[in-house]
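*Asks:* Now for the letters of each chain:
Protein chains: 2
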Amino acid sequence: MSTLDQAALDTLFFNARTHNGWQDRPVDDALLKRLFDTLKWGPTSANCSPLRIQFVKSDAAKARLVPLVMQGNQEKVRTAPVTAILGMDMAFYEQLPKLFPHTDARSWFAGNEEVIRSTAFRNSSLQGGYFILAARALGLDCGPMSGFDAAKVDAEFWGGTTVKTNFVCSLGYGDPAKLFGRSPRFEFDEVCKIV
Amino acid sequence: MSTLDQAALDTLFFNARTHNGWQDRPVDDALLKRLFDTLKWGPTSANCSPLRIQFVKSDAAKARLVPLVMQGNQEKVRTAPVTAILGMDMAFYEQLPKLFPHTDARSWFAGNEEVIRSTAFRNSSLQGGYFILAARALGLDCGPMSGFDAAKVDAEFWGGTTVKTNFVCSLGYGDPAKLFGRSPRFEFDEVCKIV
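Protein chains in written order, with full-length UniProt numbering: chain A, 1 to 195; chain B, 1 to 195.
Excised from the complex, chain A in its bound form (with noise of 0.2 Å):
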């Protein structure tokens, strides 16, 4: 397998930041195919693909997203030119005859309340790094979210289907004026080790 370069792991890693300020600058509906087109690549337990997605980009859906989020991040979502709502399928299990069919993985799943939710919670979590990295991978800038009224956006935005809302990450193209001081990360040897 070739590695990737150092300009491409500035990219997604190293000089990537979470944004907070956006350019007035619109994001294409292609290129956000584009962005589920590849982060659906990245592996899941028994290719689960839990993830669900809704991006809010008209005026209308931003109108009921702002007022769910926490009041730091409502002028963030207002000004983002799309806001993605990153869900988890409940019944994510119900597709696996179609996503993983050379065995019966449902049966893995069906009525068993705690795998199902673990599952669904992890691997959904799982495939919003893909998405993060997929979208720097793209051009594109991201600024996650974790500060919102879940029920209110559950209700408000995937009412009567089995999904849930993990998180919320504004795209675009970032003002690099508005970024913070980059907070410290730990050194190797404070969180891992080789055994």
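Hints were generated in silico from the structure; no laboratory data involved.
One thing to keep in mind: the hints can contain errors.
Claimed, not checked - For the chain B half of the interface with chain A, some residues (derived, Cβ under 8 Å), not all of them:
#1 49
#2 100
#3 103
#4 107
Stated by the list, open to error - Facing chain B, a subset of chain A residues (Cβ under 10 Å, in silico):
#5 66
#6 67
#7 131
#8 175
#9 177
Beta carbons are placed, not taken as given, at the ideal position from N, Cα and C, and that holds for glycine.
Put chain B on the given structure of chain A with help from the hints.
*Replies:* Frame of chain A, contents of chain B only:
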């Protein structure tokens, strides 16, 4: 922000596969350190960075892990050069004065068990996504697995700590001859919409 070229996208997403068989080729400790020092820059909520990792590499450590994974995963762990145990520190918020020093973020979590649990699980899983893609970016193949006895892995590897296991992931150089056929993914319109 610059974009990645097709070769880099292929390495991360389009051509990368979950591996089940491994070449007899070791993984240097320096590369494991570089892996962490890359993935750690991915964003987490309030920079909480709950991921903790044990890289199981020695024969002695493999002998402790192999019996705790499902039968179908035992040969994979036995033959992989390294299997990482990705854990989440349920006391992650005690590190926030260091990781998020500009405000009292510790108080957002302390005593609120449900927020602690969901934040640790969501963000360590996000970091798991960064782990997989950073490993691929650095030329490694991955074999993530959630089929193991979590209580036993917790007791054996994280006993006496506040860390719980999230999932495990073998690392190395995959044997393409042992790949399964690739499973299908959703089309955009099946699971996404632009509103």
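*Asks:* Does each hint hold? Answer for all of them.
*Replies:* Status of the hints after comparison with the structure:
no. : hint : verdict
1   : 49   : holds, 6 Å
2   : 100  : holds, 6 Å
3   : 103  : violated, 11 Å
4   : 107  : violated, 15 Å
5   : 66   : violated, 14 Å
6   : 67   : violated, 16 Å
7   : 131  : holds, 8 Å
8   : 175  : violated, 12 Å
9   : 177  : violated, 15 Å
Violated hints, in rising order: 3, 4, 5, 6, 8, 9; the structure is consistent with all others.
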